[in-house]
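Please build the complete structure, drawing on both the sequences and the hints.
Each chain, letter by letter, is given below.
2 protein chains.
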Amino acid sequence: MVKRYLSLISFDEALHLLKSSFNNPGKTETIPVTRALGRVIANPVYARYAVPEVNLAAMDGIAVKSRDTFGATDQCPVTLDNFARVNTGNILPPQFDAVIMIEDTWEAGDRFQIRKAAAQWQHVRPAGDDIREGRLVLPKGHVIRAFDIGALATYGIADVEVTSVRVGIIPTGSELVPLGTRPQPGQVVESNTIMAQVLLESMGAVCERLPIIRDDPALIQDALREAAENNDLVIISAGSSAGTRDFTAGSISAIGELIFHGVAVKPGKPMMLGKIKDSPVIGLPGYPLAAQTVLREFAVPLLEHWGLAPFPKYVVRAQLATPLASDLGFDEFVPVSVGRIKEKYWGISRSRGAVVQMSTVRSNGYTHIPGLVEGYDAEQELDVFLTTDPANIERTLLFSGAIDPVLEELGNLAHNQGLFIHTASAGNTSAILSLKRNSCHAAPMSLPPFSTLQESRILMPYLKSMDLIFVNIATQKQGIVSVKEIKTDTINSICWVNSRKDTPARHLFDTFLLSHQIEPSRIRGYDNEAATPGAVAAAVLAGQADAGICSQGLAEKHGLMFTPVTAEQYELVMRREMLDDPRIVTLISLVKSPAFKMDLDRNGFYNTSLTGRIRSLSCENIEIPPTPD
Amino acid sequence: MVKRYLSLISFDEALHLLKSSFNNPGKTETIPVTRALGRVIANPVYARYAVPEVNLAAMDGIAVKSRDTFGATDQCPVTLDNFARVNTGNILPPQFDAVIMIEDTWEAGDRFQIRKAAAQWQHVRPAGDDIREGRLVLPKGHVIRAFDIGALATYGIADVEVTSVRVGIIPTGSELVPLGTRPQPGQVVESNTIMAQVLLESMGAVCERLPIIRDDPALIQDALREAAENNDLVIISAGSSAGTRDFTAGSISAIGELIFHGVAVKPGKPMMLGKIKDSPVIGLPGYPLAAQTVLREFAVPLLEHWGLAPFPKYVVRAQLATPLASDLGFDEFVPVSVGRIKEKYWGISRSRGAVVQMSTVRSNGYTHIPGLVEGYDAEQELDVFLTTDPANIERTLLFSGAIDPVLEELGNLAHNQGLFIHTASAGNTSAILSLKRNSCHAAPMSLPPFSTLQESRILMPYLKSMDLIFVNIATQKQGIVSVKEIKTDTINSICWVNSRKDTPARHLFDTFLLSHQIEPSRIRGYDNEAATPGAVAAAVLAGQADAGICSQGLAEKHGLMFTPVTAEQYELVMRREMLDDPRIVTLISLVKSPAFKMDLDRNGFYNTSLTGRIRSLSCENIEIPPTPD
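So the sequence lines, in the order shown, correspond to chains A and B. Using the working numbering, the letters of the first sequence map in sequence onto residues 583 to 1211. Using the working numbering, the letters of the second sequence map in sequence onto residues 583 to 1211.
These aren't lab readings, by the way, just hints derived from the structure by calculation. None of the values given here were measured: they were computed from a predicted structure. Mixed in with the good hints, there may be bad ones.
Intra- or inter-copy, both count: the list cannot distinguish identical chains.
To be verified - As a list, the in silico SDA-like pairs of lysine to any residue whose alpha-carbon atoms are at most 25 Å apart: (1) K1069 x P894; (2) K1083 x T612; (3) K1069 x R717; (4) K1018 x H950; (5) K722 x R922; (6) K1066 x A1177; (7) K609 x N998; (8) K1059 x S1191; (9) K722 x A1177; (10) K722 x N974; (11) K857 x A805; (12) K647 x C1077; (13) K1059 x E990; (14) K1046 x P1031; (15) K857 x E790; (16) K1059 x R717.
Structure below.
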């Protein structure tokens, strides 16, 4: 058996080794305050002079001697001979000790009349009022904010000494092409080091990204040696598995020390840590989500440990809308989308495939499942670390149900209204369960026509237990998707891809087989379940199956042949109380909008005659309140 | 009476006018993804090709025909002739339909032996697995994150079209000097437009900051005209009050329209809004905190409204540690420091002086008091908008009591340990009240020696009601601060500045007067109360009083003459249960550290013989647990 990793060490141990095996390089640089946003003060900053340095007028008005004003009243105004017109911020001439606001004066020729005595030092801004000479402005370790820069400028501090870390980033892999080059099949655009550079530069690191190094141990060693020479931290991307062209571990060992290779972290297992010329070398796994995890959970904490600005962590406690399994012994990091339903926050977990970058793109947070946890049940409360502005959550709508490409169009329209639709694929029963649990805003479901639905002995008992409304999105044909035409006599000789139990497509397939009097056990691939309707089409497109059941929309999206079997209603099912939520009212108004119908019509395979119709189960027609602003 | 503002309009109305009086310029720019962090997608981004484009090996191993592997078991291994060695990410040769992991193979000469059959398509990454051609990557309005940039690069998207706003920023004021020039008395470093530029650029705006324009209507009009021509938004700083050299409003009116001048917002009242060549012109007040408020509450929302990334708002619900008054009819924005004590978040409000930039620098958040609220009582719960990383709150220690410069040294040491000390000045009674309410971590108090304290009929009844511990910081002399020597026979002829009721300095002054048999009513300035011990010294330094009572430390800091009257213990008083909080243990270990004693000794006016001693009221000596890591 070929050995894959030297050993797997735990997340905590890996982090400890990373932080403890190297000295803090402790470097600083002096930069103009105008470029210092987000940087960290390396040495306390003290005021060089008082601000203000002398007493100033704190109001527009006249500077006076307070004793000249004594006795002035409405009945007995005093006209002043000895005064100076001052504006806010002017030096208070030394002979005066008070300022009277211009609103409290009456012009009397060249002079001013007042009707109220001035207290000594009134409306005078004393020297040192903002800061006194030598006083601390910013302590060491302070992360500089925009308004701190205003204060520094006011105090005459034009440059600041801030913490500084140099990072050398090496992309490796003969299959890589640089961004801007169209990859050929089998080639990949080099993106992990771009991500590393953008992420670490946002913390204030100075990053140098080398050109792509091909899979050649000598070249990799040269690059490592040079990067370690010039930088405080080296990040080398890919070549970290145990393939025939994975030279990273060997290259580190050849010119330095390999501290570990393999961590019990998912995604991120092939991570490695080395030491070359006293500099740490972090080996990023090649899979993008694994690279992200290693960057965020290892590289970022190291730079924080060395004094760069902490990467902001905004946590929200959310309940899981669906169970979340995890490998015991592995610390797992899972993309999550969080939304609020009434007073509760709910999270839906996303694909953990280490290559599916879209699952990070489509989520607004992630959760960390510790190594000793085997997973969570639905409704478990956990911490979600946000990857977007927290206000984003308030604009997030969670959908759980059958995902059709039409939701993408709706999502675009919703986005224009500031709403983000996050979708989790679920069969009809789980979708209904989500509605019952109130863990989704709406469940998109592919349902038979309303008259048939009302007779469904499977769905109706569930549906009837809630006060639900059905917003019709479109009518669309469901049928067989294939590359070549499927003839009736080949049904049980070709290879099928099936859909998950409890999905509309699965029901349709069973009904279809029944109508052709074919036993499911005689169908090749009947047990081969694709995770989503989209995956059915993708499996057929990839040649993994000859045919499957999905919507006409998906078939067309994949450019596949489509043989219609039935028409179904694609409905957005939700609790009636959702109509009290202005976000839902906005959403429904989008479904009813001419723009959405036009989008559907343009696609050509949706029937929009019922689009926007809202009904309860008892066929009551429902009106929505006027759209909020 | 000279009129100051045309009228004051409400915060909400001002914001509405700002957002509704101008068309969204709707501009976009196309930039490299590597510079797109935090920018906002202007048009939906779709994948130009599928990723991956063909089926790939998902593991390092061998590509096989699954049917060749059927029947392989431990007892009956199969040796394969027809295979290809593949690494993760390699193209799956079209003749194969499965990958066997290298760990599950045994080398057999040139061939491989397996002991388990391979399922069709196992360890194969199908084409389109991450994204399919033409699918949505990022919707319009999406704020680009570091990991989104990774995905964009992977999908071959090198440039993105993002929303774009140009802002022209004009500093005005003859008293201004540019950053880098040492201001003469009466001059001020121009900082508000630097702040504006840094803040708005951090949102992705393209800012052009003009050179300083002196107070000359013709020059100001030229600058306004040119800025409005070249930009979507013009910000003009200062000249917005009613002084003799405030030309901004007039200049806007002369070449455009003045929409309003004066808003019921504190700080920020003199704000104005104009329109020149269809571009909005925001007039910033000159006072820095007023300028900050107008930038944050008006300029930022306008740019968000126009499609730049929302400025993140992180809110924490905190209870007020002290009451907070507010002017009815004014929306007020008050700097606040928030810390956690046990499970509760507490906020202490800071100086609202519109010129005291240090109050923003020293706070970690701010609160918004709506116009119709007259203020809040202590313990009121309210929203605090954070200006730092939320994790910062966990590292914040709230002190309420007598503020001595020595806390600045302690603060620097604490900062090195990742702790932030936020202080609120309070007299002894309010400090004890804070301890009772548990709204501060510790109360620094200037107390008589322990033996005297135990006989104090004023403090002891309060102190005895809690289980308190006293951490000695230093022994220091209290006495008279003055510019010239104070002779006993001049005590009742000179002008004094007094301290607030219930402060140690006030008690000391009363005791001092009693010992000289002088009636307080005969003392000039007895009713003139400075807000803090530092303000006493500042008042003397500014010539506003001849003498006052404060510590030797403060007197020396201000370079003033000091006549000792007594020695007091400066103690950090806290609940005994605070010892369970590792932050407090760290803090105490700092007080006990040689570094801190050295700092005190270097100052020369602290006696450190008792520094670090911890006692309860019953004189029990207390040991602290070992310092946490």
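Legend entry - Violated hints - listed by number, lowest first: Result: hints 1, 2, 3, 4, 6 break, sorted rising.
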